[in-house]
Each structure stands twice: as C-alpha cells, then as structure tokens.
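Taken in sequence, the protein lines are chains A and B.
In this text, residue positions in the first sequence follow this note's numbering: the first is 31, and each later residue adds one.
In this text, residue positions in the second sequence follow this note's numbering: the first is 31, and each later residue adds one.
These are computed hints drawn from the structure, not numbers from a lab.
Fair warning: there could be bad hints in the mix.
Since the list can't tell identical chains apart, any single copy or any two copies may satisfy a pair.
To be verified - Straight-line C-alpha distance at most 25 Å; calculated SDA-like pairs for lysine to any residue:
(1) K229 <-> A219
(2) K222 <-> V38
(3) K98 <-> R145
(4) K85 <-> Q165
(5) K66 <-> K85
(6) K98 <-> A338
(7) K298 <-> E257
Remember, it's a predicted structure, so these values are computed and weren't measured experimentally.
Number of protein chains: 2
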Amino acid sequence: MNAVSTDVLISEVGPRDGLQSIRSIMPTEQKKVWIKALYQAGVREIEVASFVPAKLLPQMADAAEVVKYAKTLPGLTVMALVPNLKGAQAAIEAGADKLTIPVSASAAHSMANVRKTREEMIEEVKKITAYRKEQAPQVKVEAGIATAFGCTLQGLVAEDDVIWMAEQVIAAGADESGLSDTTGYANPAQIKRLFKRLKAAIGSHAGAAHLHNTRGLGLANCLAAYEEGVTSFDSSMGGLGGCPYAPGASGNVVTEDLVFMFEAMGIKTGIHLDLLFEARKPLQAGVPNEQIYGMVPQAGVPKGFESATQWSA
Amino acid sequence: MNAVSTDVLISEVGPRDGLQSIRSIMPTEQKKVWIKALYQAGVREIEVASFVPAKLLPQMADAAEVVKYAKTLPGLTVMALVPNLKGAQAAIEAGADKLTIPVSASAAHSMANVRKTREEMIEEVKKITAYRKEQAPQVKVEAGIATAFGCTLQGLVAEDDVIWMAEQVIAAGADESGLSDTTGYANPAQIKRLFKRLKAAIGSHAGAAHLHNTRGLGLANCLAAYEEGVTSFDSSMGGLGGCPYAPGASGNVVTEDLVFMFEAMGIKTGIHLDLLFEARKPLQAGVPNEQIYGMVPQAGVPKGFESATQWSA
C-alpha cells in the first residue's frame with residue numbers, strides 16, 4: 031500500500047533510539063517483524079540500528095543483520111546511527127542508506143555522550159563524509175544537534191552554539207543537520223526561534239525535528255516546528271526511548287499520536303493509522319516487560335475520523 | 031503573592047469538572063484546603079462547584095459552602111456551573127461571581143448531558159440572564175459550547191452549528207461563549223478555524239478554550255488557540271476529569287503542564303509553578319484513590335528554567 035503523496039516525513043527511530051534506551055534486548059527476528067510491520071503501515075524511513083561496540087550497547091549487537099534485513103523492503107530509507115568512522119564503515123558495509131551522527135551543542139553532553147569534545151566530533155564528521163565521498167557517494171549523512179534546547183548537565187545551551195554547531199557539521203560535509211531536544215526541555219517559542227535561525231544559517235540543509243515528550247510538550251513542539259516550515263520529524267513508536275518518567279511520561283514523541291495529529295489536521299504522513307496501531311503488537315511482544323505509551327491507540331480515533339493520506343490501489 | 035501582570039488567564043476547573051467526574055468524594059474541608067493552595071499559587075479564577083441536585087452528583091452536595099469559602103479569598107473569581115435557573119439562583123445566593131452554563135453544539139449530547147434540546151437550553155440561558163439582570167447584575171454569565179469539535183454520540187458536529195449556538199447564547203444575554211472539546215476530538219487546525227469563526231461571529235464575547243488531553247493533543251491545541259488570539263484557558267490540576275484512559279491519558283488539559291508551557295514560552299500566567307506543584311498534595315490527599323496526571327511535576331522543570339511571570343513584593 032502506497033500513499034499518493036505526502037506532506038511530511040515521519041522518521042521512526044524506535045528500533046534504534048527506543049530499543050537502545052531500555053534494559054530489555056529485543057531478539058533480532060522480532061526486530062525484523064516489527065520493522066516490517068512499520069513498513070507495511072507506510073513508514074518509509076526507519077533508524078534501525080546503532081553501530082557501536084556491542085559491549086557498550088548489547089541491544090544493538092545485531093546492527094548489521096538488521097540493516098541487511100531492512101534493505102529488503104523496497105523504498106525504505108534505512109538509517110543507522112554512527113558515532114565515529116569505524117561505525118560508519120560498518121553501517122555502509124551493511125548497506126545503510128543514511129547515517130546519522132550524534133553531535134551535541136552542549137560541551138558537557140558531548141563529553142558524556144560520545145567522550146569527545148564538540149570540535150573532535152566535527153573532525154569525526156569530516157572523516158565520515160570523506161570516507162562516504164570515496165566509498166559510497168549515494169549514502170546520505172545527517173548530523174542532528176543534540177541538546178539543542180538545553181542540557182541536563184550544563185543547563186542553558188546558548189542558541190549561538192547550536193547554530194554554530196550546525197554550520198560546522200554542514201561545512202564538514204554533512205547533508206543535513208536537524209535539531210534534537212534530547213532532554214525534553216524545549217518549548218514552542220524556542221522551537222520556532224531556533225528552527226528559523228537554523229534555516230537562515232544552513233538553508234536547505236536544515237533537517238529533522240527530533241523532539242521528546244518528557245514534559246508533555248512533544249506534540250505542541252512538533253506543531254510549532256511544522257508551522258516554522260519543518261517537514262521531517264523523528265518519533266518513536268510507543269514513545270520508547272529517552273528519559274521515561276512513569277506513568278504517562280515518555281521519551282521520544284509517540285509516532286502514533288504524531289501521525290494522528292498531522293492526519294487530523296489534513297497533513298499527509300503516508301502512514302495508515304490502523305496498520306500503525308497493529309505494529310504495536312510486535313513491539314510489545316518483543317519487549318514484553320516495557321511500558322508502551324500512546325494516547326490515541328488507547329482512546330481510539332474520533333468517531334467519523336478521516337485520514338488525510340490517500341492510498342493508491 | 032501577586033503577579034505584576036499576566037498575558038493569559040488560566041481558569042482552574044478541577045474542583046468542579048475534575049471532582050464531579052470521579053467516583054471519590056472529596057470532603058468539604060479538603061476542598062477548601064485545595065482551593066486555598068491553588069489560590070496561593072496565583073490561580074485567580076476557579077470553577078469551584080456545580081449547582082445540581084445532590085442525588086445526581088453527590089460530589090457537589092456542598093456547592094454552596096464551597097462557594098462561600100472561596101469568596102473569602104481576595105481577588106478570586108469564583109465560578110460555578112449551573113445547568114438551569116434553579117441552579118443559577120442557588121449559585122448567586124451562595125455568592126458566585128460567574129456562572130457557567132453547559133450548552134452543546136451536538137443535539138445528541140445536549141439531550142444526554144442536560145436532558146434538554148439545544149433550543150430549550152437557549153431558553154434556559156435567557157431565563158438565567160433575565161434573573162441575573164434583576165437580582166445580581168454584577169454576576170457574569172458564560173455559556174461554553176460543549177462538543178464543539180465532535181461528539182462521541184453523533185460523531186461530526188457541523189461547524190455552522192457551533193457558531194450558531196454561540197451566537198444564540200450571546201443573543202440570549204450571556205457575556206461570553208467559549209468552545210469546549212468535551213470529547214478530546216480536536217486538532218490544532220480545527221481549533222484555529224473554529225476560534226477564528228467564533229471571534230468573527232461574536233467578537234469580544236468570544237470566551238475560553240476548554241480543551242481535553244484524551245488523545246495527547248491538549249497542549250498542542252492550547253498553543254493553536256493561543257496563536258489564534260485566545261487568552262483564557264480552562265484546565266484541571268492533575269488532568270482530573272473528562273474521559274480518562276489509563277495509563278497516561280487524562281481528561282482535561284493538565285494545569286501544571288499548561289502553565290509550564292506558557293511560562294517557558296515567555297507568556298505570563300500569574301501562577302507560581304513551585305506553589306502549583308505544592309497544591310497537588312491536598313488534591314491527592316483529598317482523593318487518595320484517584321490517579322493524578324502531569325508530566326512536568328514528575329520530570330521537574332528544566333535546569334536553569336525561569337518563569338515569565340514577575341512577582342510584586
């Protein structure tokens with residue numbers, strides 16, 4: 031089933047961002063079932079794995095196999111997170127279409143997250159894009175700016191630092207740079223201000239909004255980003271990932287709720303809500319001890335609800 | 031503690047809308063403690079009770095006593111829900127500053143909720159405003175349009191019906207008419223469209239946005255309403271009320287999260303977040319078996335967070 035057209039891109043990060051944030055390890059075969067269900071619901075970009083040492087993140091030990099499987103799904107953009115050149119080489123070898131490199135606007139978070147300064151991470155981006163240019167020019171490289179809206183370690187992150195970092199990673203050869211609210215600190219006014227500055231600074235290289243729902247503002251922040259012209263959104267099925275606070279608090283913006291919001295507004299996501307709700311089953315089956323969030327799956331869609339997306343036969 | 035100035039009015043509906051939707055009955059003395067704590071946090075409008083027969087809503091049997099208590103708090107606008115003239119007389123006698131009359135845009139919901147047609151409710155508004163004019167001209171009358179964004183009984187509610195109903199209640203003498211998303215069906219595009227039409231139809235009589243979080247869109251919808259020029263918002267501490275779906279789903283928009291969103295955006299609410307969080311304690315103590323929601327109280331405010339509201343000495 032394919033959408034006739036779409037207005038926004040929903041990039042599902044659950045299999046990477048979600049699964050690496052929880053204690054449970056989803057079996058490889060179950061990951062495949064889940065990714066296929068997401069694909070069948072119309073999801074056309076999925077961050078499927080992280081290429082990091084398995085001793086650091088055993089949840090991601092099967093990254094290469096998962097990428098190879100995802101590559102069998104026609105038209106799917108298969109993304110992988112890579113913190114360094116070694117990871118990028120492995121991801122490209124496995125067949126990833128797009129690499130995402132975690133860089134931080136917060137100096138403190140950069141050290142804590144990747145054990146490198148921001149300047150060292152810019153050098154890493156250069157190495158990766160140089161390797162890509164030689165070995166796999168078709169592969170896209172994104173470097174999203176983590177802690178763009180504040181940091182749990184250093185608190186305030188200067189907006190100039192965020193824009194500077196985005197300019198640096200684009201100058202270092204990345205194709206796109208988006209903004210990540212890693213800590214769930216963002217508010218809609220800040221979202222509009224920073225995405226406007228991002229667009230002014232790097233133009234068409236401005237990438238996705240990666241927003242969290244830690245303080246309940248996830249959808250309001252996505253709305254603000256959309257109103258500012260952002261058309262690419264990261265989200266996670268069931269709100270998996272990030273910094274969960276029970277009950278009701280989730281990490282990443284919940285894909286199901288985000289798709290509902292856009293479709294209800296008449297904005298086409300290309301994702302079929304009923305099939306998306308179905309894809310919660312393999313997720314829950316794969317990590318039975320984890321809490322899965324999502325308000326629309328629980329409440330159901332409104333009576334008489336019609337999606338914006340139209341489907342080709 | 032008083033705010034120097036405010037940009038928006040947060041009208042707390044928990045003591046009425048919240049408490050009447052749950053099974054537990056909060057003791058009168060505990061209601062007073064809770065209302066005082068809300069007041070001390072800077073809340074300056076509270077819907078404290080519903081004047082309906084005690085056999086229908088035993089949670090509200092102490093309505094007159096609660097109104098009388100609330101009237102002892104200087105500067106507080108004490109609101110009461112009244113479904114008919116008899117309720118209005120009792121509320122005015124108790125000392126309420128403002129009456130809110132529930133009218134529905136959905137014919138089906140009107141019958142289910144107040145056992146009257148929409149036309150009969152318009153007649154009731156006329157009776158109440160005529161009585162007010164003679165007996166208590168200082169009392170304000172609001173008639174919010176329930177099911178303005180869709181109805182669980184009849185599904186779609188025509189936007190023309192919503193606007194027609196708002197025009198009718200203003201013509202019947204109400205001072206204000208706002209829009210209520212009773213069922214949690216609204217989306218931000220619909221919110222903007224309808225509040226724009228409301229303003230065009232009834233001008234300065236356009237009242238509050240009363241929005242629910244049933245599908246997680248509560249704050250996004252409040253943001254949309256704010257962007258459309260709405261400056262008065264109903265919300266409920268702990269998300270009490272409405273149609274709860276556990277876990278994480280709440281009925282009314284959560285006051286704490288809404289205040290946080292506005293304050294973080296630089297929009298002054300006049301409400302002190304720390305003291306607001308404190309006011310959750312008497313609420314929880316008064317209904318110990320009920321689930322209290324709210325993401326910001328759980329996650330805490332961001333490191334380095336500063337409120338927009340300034341306080342006079």
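Hint-by-hint comparison with the structure:
1. K229 <-> A219: both (16 Å within a copy, 24 Å between copies)
2. K222 <-> V38: Both: 17 Å inside a copy, 20 Å across copies.
3. K98 <-> R145: Neither: 29 Å inside a chain and 61 Å across chains, both beyond 25 Å.
4. K85 <-> Q165: neither (28 Å within a copy, 77 Å between copies)
5. K66 <-> K85: Close neither inside one copy (27 Å) nor across copies (54 Å); limit 25 Å.
6. K98 <-> A338: The answer is neither: 32 Å in one copy and 50 Å across copies each exceed 25 Å.
7. K298 <-> E257: both (15 Å within a copy, 22 Å between copies)
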